[in-house]
Amino acid sequence: MKDVELKMLERAKALLQSGEVARVIGWKKGEFCYDPAPASFESVEEMENGFVYNWFCGANLSKYLIQMAKKEGKTAVFLKPCDTYSFNQLVKEHRINRENVYVIAVECLAKLDVEKMKAKGVSFITDVEVVDKDVKVTTAYGVETLYKPDVVLSKCAVCTKTHQVKDEEIILHERPEREVNRFEEVEKLEAMTEDERFAFWREQLSKCIRCNACRNVCPACSCVKCVFDNPASGIAAKANDDKFEEQLFHIIRAFHVSGRCTDCGECSRVCPQNIPLHLLNRKFIKDIDTLYGEYQAGEESEGKTPLTTYTEGDTEPNDVFNGEAK
Amino acid sequence: MQEVTEKKEFTPTIVAFCCNWCSYAGADLAGSSRLTYPANVKIIRVPCSCRVNPMFVLKAFQQGADGVILCGCHPGDCHYVTGNYYTRRRMALLYSFLNYMGIEKERTRLEWVSAAEGARFSAVMNDFVKQVAELGENKRLTDLRVKEGE
Ligand code: SF4
Ligand code: SF4
Chain Z
1 MKDVELKMLE RAKALLQSGE VARVIGWKKG EFCYDPAPAS FESVEEMENG FVYNWFCGAN
61 LSKYLIQMAK KEGKTAVFLK PCDTYSFNQL VKEHRINREN VYVIAVECLA KLDVEKMKAK
121 GVSFITDVEV VDKDVKVTTA YGVETLYKPD VVLSKCAVCT KTHQVKDEEI ILHERPEREV
181 NRFEEVEKLE AMTEDERFAF WREQLSKCIR CNACRNVCPA CSCVKCVFDN PASGIAAKAN
241 DDKFEEQLFH IIRAFHVSGR CTDCGECSRV CPQNIPLHLL NRKFIKDIDT LYGEYQAGEE
301 SEGKTPLTTY TEGDTEPNDV FNGEAK
Chain Y
1001 MQEVTEKKEF TPTIVAFCCN WCSYAGADLA GSSRLTYPAN VKIIRVPCSC RVNPMFVLKA
1061 FQQGADGVIL CGCHPGDCHY VTGNYYTRRR MALLYSFLNY MGIEKERTRL EWVSAAEGAR
1121 FSAVMNDFVK QVAELGENKR LTDLRVKEGE
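Chains as they are written, first to last, in the numbering used here: chain Z, 1 to 326; chain Y, 1001 to 1150.
Rather than coming from a laboratory, the hints here were simulated on the basis of the structure.
There's no promise every hint is true.
Calculated cross-link-like contacts (lysine to aspartate or glutamate; reagent style EDC-like; alpha-carbon spacing at most 20 Å) [to be verified]:
#1 Y:Lys1139 - Z:Glu196
#2 Y:Lys1105 - Z:Glu190
#3 Y:Lys1105 - Z:Glu316
#4 Y:Lys1105 - Z:Asp319
#5 Y:Lys1139 - Z:Glu203
Computed spacing ranges between beta-carbons, pair by pair [said to hold, decoys possible]:
#6 Z:Lys225 - Y:Ile1044: 42 to 52 Å
#7 Y:Leu1135 - Z:Ala140: 51 to 61 Å
#8 Z:Glu299 - Y:Thr1011: 49 to 59 Å
#9 Z:Ile66 - Y:Thr1011: 45 to 55 Å
#10 Z:Glu168 - Y:Asp1077: 27 to 37 Å
#11 Y:Gln1063 - Z:Asp195: 17 to 27 Å
#12 Y:Asp1077 - Z:Lys225: 48 to 58 Å
#13 Y:Leu1135 - Z:Asn216: 34 to 44 Å
#14 Z:Glu115 - Y:Asp1127: 48 to 58 Å
#15 Z:Asn216 - Y:Lys1139: 28 to 38 Å
#16 Z:Glu129 - Y:Gln1063: 33 to 43 Å
#17 Y:Glu1106 - Z:Glu184: 48 to 58 Å
#18 Z:Cys211 - Y:Asp1077: 45 to 55 Å
#19 Y:Lys1139 - Z:Cys211: 36 to 46 Å
On the chain Y side, residues computed to face chain Z include the following (Cβ under 7 Å) [what the hints assert, rightly or not]:
#20 Pro1054
#21 Leu1093
#22 Arg1140
Note that the structure is predicted; figures quoted are calculated from it, not measured.
All C-beta atoms, glycine included, are put in the ideal place defined by N, C-alpha and C.
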């Protein structure tokens, strides 16, 4: 990954220096190797001092372009495969002006989840290198090796995405192709009884603290004024209402992004309560696939979404339960 | 002395969203034809079935409905030409999703009822009320925490 990082740095600096772009959106070094944060760089110095691209750059940068692409001059951005779907979707929804953005597609090879690593017992991590399926973790106590599939972000574990947009690319290592079923967990839930499903979601959703992180990070949640920010709705914050609150928020949020959610996995990644939010969105994706034909949001930057179109022979709502009818 | 064992019979609260042009007129016709439907069906008139935002359905449940039914013009007959086709997709996804969250599928329904189908309106409502009554009170779409242990 170091080689990729160097290449990215070199390109970004060249773009800034030549004046082709006014800023670069990338990741900035944190206090530790595992907490890089999205950032905007406007000069070569800033890039040299702060830029990083490592195994912990899981954050999706596309949503920042809503604001950044409005600024004077072009904005360059580094996008991983999954991020390009969000980017396309935002272009489709006229949130980003494509002309103002220079997309540099970067390789990913799956990102790591520091929480999962800590849960495996490593602490005081100072450096990480990955060779194939071995994650070599240098800690204050020495070097430990973890098995990569155990510690990648959940979204990366089932990812088969490829870059959908690019003005140029920096790909030094290809990710091997794999067969995965991202609906496996959804299918497990579908196979349960109504009571079991209710119990499952009650347990999960009652952990929600309504921090709104899932909404704020979501590239599909790009409304300027969100319905959940309206105090008159009675559902603007946790304290306002103790009735039915989390369910309502999550059902409505999942519905609002249905047909537009690219399954980028950011919601689950940022949730401080570790609620498996992707299982909500994937249910919609799965239903859309079975009822209206396979559809992946973000593959195109124009056209209709499944909920903004119809056919005369669509399935009746009374007949859709659990794939009982088609 | 005779013991009082009789329990009050459960009458569900039903919210019916009816499209102004077909189903609401159908309800009217049912009334003027002296066909009955239970008084616990609360009709909310909407300009088109596609006016019904999923939030309406959830709010109805939140505020005490035991069942929610949506009625609109038959596909192809929408006053606004295509509104009910969008309704069909939205509600298909919403109902399926609610069931995925563990909400009994018998609590949600969608029926197409035209202005000429007064008898059908009354039959549909009677049937839906019966179905929800069998299910009992809606507890799952109210607070997740305070219901614990009930
Ligand atoms: S709902 Fe989650 S997975 Fe879908 S686009 Fe938003 S953040 Fe990404
Ligand atoms: S990020 Fe998690 S805790 Fe925060 S609002 Fe979303 S689901 Fe709730």
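Structure-based check of each hint:
{"no.": "1", "hint": "Y:Lys1139 - Z:Glu196", "verdict": "15 Å, holds"}
{"no.": "2", "hint": "Y:Lys1105 - Z:Glu190", "verdict": "13 Å, holds"}
{"no.": "3", "hint": "Y:Lys1105 - Z:Glu316", "verdict": "14 Å, holds"}
{"no.": "4", "hint": "Y:Lys1105 - Z:Asp319", "verdict": "10 Å, holds"}
{"no.": "5", "hint": "Y:Lys1139 - Z:Glu203", "verdict": "16 Å, holds"}
{"no.": "6", "hint": "Z:Lys225 - Y:Ile1044: 42 to 52 Å", "verdict": "25 Å, violated"}
{"no.": "7", "hint": "Y:Leu1135 - Z:Ala140: 51 to 61 Å", "verdict": "59 Å, holds"}
{"no.": "8", "hint": "Z:Glu299 - Y:Thr1011: 49 to 59 Å", "verdict": "50 Å, holds"}
{"no.": "9", "hint": "Z:Ile66 - Y:Thr1011: 45 to 55 Å", "verdict": "50 Å, holds"}
{"no.": "10", "hint": "Z:Glu168 - Y:Asp1077: 27 to 37 Å", "verdict": "53 Å, violated"}
{"no.": "11", "hint": "Y:Gln1063 - Z:Asp195: 17 to 27 Å", "verdict": "24 Å, holds"}
{"no.": "12", "hint": "Y:Asp1077 - Z:Lys225: 48 to 58 Å", "verdict": "35 Å, violated"}
{"no.": "13", "hint": "Y:Leu1135 - Z:Asn216: 34 to 44 Å", "verdict": "38 Å, holds"}
{"no.": "14", "hint": "Z:Glu115 - Y:Asp1127: 48 to 58 Å", "verdict": "51 Å, holds"}
{"no.": "15", "hint": "Z:Asn216 - Y:Lys1139: 28 to 38 Å", "verdict": "32 Å, holds"}
{"no.": "16", "hint": "Z:Glu129 - Y:Gln1063: 33 to 43 Å", "verdict": "56 Å, violated"}
{"no.": "17", "hint": "Y:Glu1106 - Z:Glu184: 48 to 58 Å", "verdict": "28 Å, violated"}
{"no.": "18", "hint": "Z:Cys211 - Y:Asp1077: 45 to 55 Å", "verdict": "46 Å, holds"}
{"no.": "19", "hint": "Y:Lys1139 - Z:Cys211: 36 to 46 Å", "verdict": "27 Å, violated"}
{"no.": "20", "hint": "Pro1054", "verdict": "5 Å, holds"}
{"no.": "21", "hint": "Leu1093", "verdict": "6 Å, holds"}
{"no.": "22", "hint": "Arg1140", "verdict": "6 Å, holds"}
Consistency with the previously given hints fails for numbers 6, 10, 12, 16, 17 and 19, ordered from lowest to highest.
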